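Student: Here are the chains, one letter per residue:
2 protein chains.
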Amino acid sequence: MAERKKPEPKLSSVKRAPRKLDELDKKTLQMIEGTALRVRKSIDGRVLPELRFPTRSLSNVKYDTKVGYFELGKGTSARALSVNTVKSFAQTLRLMAISKEMVENNDFATKREAYYVSKNWGDAKFNEQPESDTVMDDIEAMASVVGLSREQLRYFPEEHGGSVAGNLVVIDIDSETGKELEIDCTGFGTGSYSIPHSVEHLKFKTEAKFVIAIETGGMFQRLNNHKFWKSASCILIETAGVPTRATRRFIRRLADDKKIPVYAFVDCDPYGIANIYRTLKVGSGNMAHINRFFCVPQAQYLGVTPQDILDFKLEDATHPLQEVDIKRAKDALKNDPFFMAHKPWIKAIEQMLKMGVRAEQQALAKWGLNFVLEEYLPRKLANRKGFLP
Amino acid sequence: MAERKKPEPKLSSVKRAPRKLDELDKKTLQMIEGTALRVRKSIDGRVLPELRFPTRSLSNVKYDTKVGYFELGKGTSARALSVNTVKSFAQTLRLMAISKEMVENNDFATKREAYYVSKNWGDAKFNEQPESDTVMDDIEAMASVVGLSREQLRYFPEEHGGSVAGNLVVIDIDSETGKELEIDCTGFGTGSYSIPHSVEHLKFKTEAKFVIAIETGGMFQRLNNHKFWKSASCILIETAGVPTRATRRFIRRLADDKKIPVYAFVDCDPYGIANIYRTLKVGSGNMAHINRFFCVPQAQYLGVTPQDILDFKLEDATHPLQEVDIKRAKDALKNDPFFMAHKPWIKAIEQMLKMGVRAEQQALAKWGLNFVLEEYLPRKLANRKGFLP
Numbered sequence: 014m015a016e017r018k019k020p021e022p023k024l025s026s027v028k029r030a031p032r033k034l035d036e037l038d039k040k041t042l043q044m045i046e047g048t049a050l051r052v053r054k055s056i057d058g059r060v061l062p063e064l065r066f067p068t069r070s071l072s073n074v075k076y077d078t079k080v081g082y083f084e085l086g087k088g089t090s091a092r093a094l095s096v097n098t099v100k101s102f103a104q105t106l107r108l109m110a111i112s113k114e115m116v117e118n119n120d121f122a123t124k125r126e127a128y129y130v131s132k133n134w135g136d137a138k139f140n141e142q143p144e145s146d147t148v149m150d151d152i153e154a155m156a157s158v159v160g161l162s163r164e165q166l167r168y169f170p171e172e173h174g175g176s177v178a179g180n181l182v183v184i185d186i187d188s189e190t191g192k193e194l195e196i197d198c199t200g201f202g203t204g205s206y207s208i209p210h211s212v213e214h215l216k217f218k219t220e221a222k223f224v225i226a227i228e229t230g231g232m233f234q235r236l237n238n239h240k241f242w243k244s245a246s247c248i249l250i251e252t253a254g255v256p257t258r259a260t261r262r263f264i265r266r267l268a269d270d271k272k273i274p275v276y277a278f279v280d281c282d283p284y285g286i287a288n289i290y291r292t293l294k295v296g297s298g299n300m301a302h303i304n305r306f307f308c309v310p311q312a313q314y315l316g317v318t319p320q321d322i323l324d325f326k327l328e329d330a331t332h333p334l335q336e337v338d339i340k341r342a343k344d345a346l347k348n349d350p351f352f353m354a355h356k357p358w359i360k361a362i363e364q365m366l367k368m369g370v371r372a373e374q375q376a377l378a379k380w381g382l383n384f385v386l387e388e389y390l391p392r393k394l395a396n397r398k399g400f401l402p
Numbered sequence: 014m015a016e017r018k019k020p021e022p023k024l025s026s027v028k029r030a031p032r033k034l035d036e037l038d039k040k041t042l043q044m045i046e047g048t049a050l051r052v053r054k055s056i057d058g059r060v061l062p063e064l065r066f067p068t069r070s071l072s073n074v075k076y077d078t079k080v081g082y083f084e085l086g087k088g089t090s091a092r093a094l095s096v097n098t099v100k101s102f103a104q105t106l107r108l109m110a111i112s113k114e115m116v117e118n119n120d121f122a123t124k125r126e127a128y129y130v131s132k133n134w135g136d137a138k139f140n141e142q143p144e145s146d147t148v149m150d151d152i153e154a155m156a157s158v159v160g161l162s163r164e165q166l167r168y169f170p171e172e173h174g175g176s177v178a179g180n181l182v183v184i185d186i187d188s189e190t191g192k193e194l195e196i197d198c199t200g201f202g203t204g205s206y207s208i209p210h211s212v213e214h215l216k217f218k219t220e221a222k223f224v225i226a227i228e229t230g231g232m233f234q235r236l237n238n239h240k241f242w243k244s245a246s247c248i249l250i251e252t253a254g255v256p257t258r259a260t261r262r263f264i265r266r267l268a269d270d271k272k273i274p275v276y277a278f279v280d281c282d283p284y285g286i287a288n289i290y291r292t293l294k295v296g297s298g299n300m301a302h303i304n305r306f307f308c309v310p311q312a313q314y315l316g317v318t319p320q321d322i323l324d325f326k327l328e329d330a331t332h333p334l335q336e337v338d339i340k341r342a343k344d345a346l347k348n349d350p351f352f353m354a355h356k357p358w359i360k361a362i363e364q365m366l367k368m369g370v371r372a373e374q375q376a377l378a379k380w381g382l383n384f385v386l387e388e389y390l391p392r393k394l395a396n397r398k399g400f401l402p
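Chain order of the listed sequences is S and C. Note that the working numbering gives residue 58 to position 45 of the first sequence, counting from 1, and the numbers run on in steps of one. Note that the working numbering gives residue 138 to position 125 of the second sequence, counting from 1, and the numbers run on in steps of one.
No lab work stands behind these hints: they were computed from the structure. Watch out, some of these pointers could steer you wrong.
Claimed, not checked - Covered stretches of chain C, as calculated for chain S (at least 3 residues, CB under 8 Å): (1) 129-139; (2) 176-189; (3) 193-203; (4) 378-385.
Remember, predicted model here, so these are calculated numbers, not experimental data. The beta carbon of each residue, even a glycine, is placed where N, CA and C say it ideally should be.
Could you put together the complete structure from these sequences and hints?
Tutor: Okay, here's the thing in structure tokens:
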């Protein structure tokens, strides 16, 4: 070990299929090489090189209901090479160089791994992960301008999460043979398909009529064990709370590709509405540069709604709103461009505040464990026009 | 809705296979009916009925290295029917009655759902979930005495978690046809098989030589994307931090059934060692009544070890131990029967405290993203005698 020293990470020598670069990969390499060339050119011309990144803040965000998600504005900030910026400048180029290598080798790194890889960069190494995360967010924002996500740069999130069951065949690529691989999500019994960290390369086959994104694992398991996906001809996706990037991107690509609607089934509380559903549908403010990839504008809110609490007589299965709930709900009404743009949402949130209670999706169990699939969902699905936007 | 009132949850009317009760199901029904009969008998005999539960506390736990996990002692406490206990007494019988119904209908309820189901019990309803959880823990402890787990009573955890990839065929039962269903865990591409909430009914087919339980999603994805499971002929299981009940039970049943060793691959810090690994291997103190089902005594600690930090020159990729780490490590040496019973562990933890640093499994990326599968794991697996107990 003592002698082992490598300036760059050694990538896999494991036998893998000869990498066929797809269009997005080529675009990624172009972006990286283009940036490197510009920097090289200014250096050759004795001009201090600079890198331009979109400004990542709410001040540089716009929301158009027709577009359907928070968009990045035109604001950019430059990082010019100087005594003060030389380190982060070098780190930016280093991370992009690794990205190029990973695309060519069909490999990836988590943000955490990227941080550790830098430990061999000498003076350019990151001391703490927040440093590498910031540089990576800049690169990600830069890439987003030309329509590339961080996953395209081969930097994957730590967590994937997200389970799938139902009328869907996922088409993946065997890393060894390079051949297509069909994964039938009706074939996993009480288990399910776990969404990988990156879903850009996946294709889909389905006859399903819609997707249900479900907040809790327990509800997902119930609908799966009873094959609700069969009786309702749909695809079940467990988000396990706020969906991860991979889960959001999976749902988005599936919905775009197959032109099927997405219905969110979450708890009736400000967290389920303003965090889980809102993030799924329009994304978040400070990550506006990635919303275009990760939000699901075609998502609609199936329930649980404040009105459901009355319609399904769940009053005695509710919980009082906590301070934090009330604050979150009021923020949504006062500061959130999404809710503020949709009257039905303003009404619903005001109704919740007036009632002063929240209800979990499990509360439907009051009427029987399977009331949810025998009556609640069928009744709701019979009136999709009534879904909240 | 107004007229809808049901004293007991209405269970599924969805078309399902005629339920074939297995041995454990029959045993579960016997336990429930036996308890109900005893209560009925004393009432008929004008004697106040009582229910006996094992005492759930560290004071009633014993650890035998040969047995390999914290065992429940002989201590029990009785809940005699009285004015003060009448409500919890009734709730206990109610939950057991629902359990019987669920076994007969091949259904299940999460602890959360069970709480809501009670909303139709009139005066016997639970006001907060902690109440129902406590009663359920008592029932679970009672059932454990005759070798039954809570899952056997059909009360499933909220979360499942746990992804699987590699040389394993999981055999499930199709809820509709009742026929066996084979799930090939080599066929998920970059995705994986997500473990269901209950795994009692699963069977396994495998030629794999061992199981690796992996702490982080990123590392699991790396080993899966590079098909490490193929080159090493093993099964990869992501625990995503401390493994859930379902994941622990899945690993345990797989290891017992197929007689294959389980190697834990976690971060080198007191949390990875004392929480994740220790819980996986011997279980926990306050849940001693279920350790017999959920711990994996055959598990061994592959790494990352404090010695690995030196052997693989990871010093500059470590982090200083925090107060909480030091406290946790010292507790392990002073109060944890498991670590106290194993000299190699005492040495290792003392070494970590002396070095004053921790290292994550991703730290290996310092030597290249795939150093972990090209050098670290092969070298470690070549010397399995060196694994910590």
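Student: Give a verdict on every hint.
Tutor: Results of checking the hints against the structure:
no.: 1; hint: 129-139; in the structure: holds (count 4)
no.: 2; hint: 176-189; in the structure: holds (count 7)
no.: 3; hint: 193-203; in the structure: holds (count 6)
no.: 4; hint: 378-385; in the structure: holds (count 7)
In summary, the structure agrees with every hint in the numbered list given earlier.
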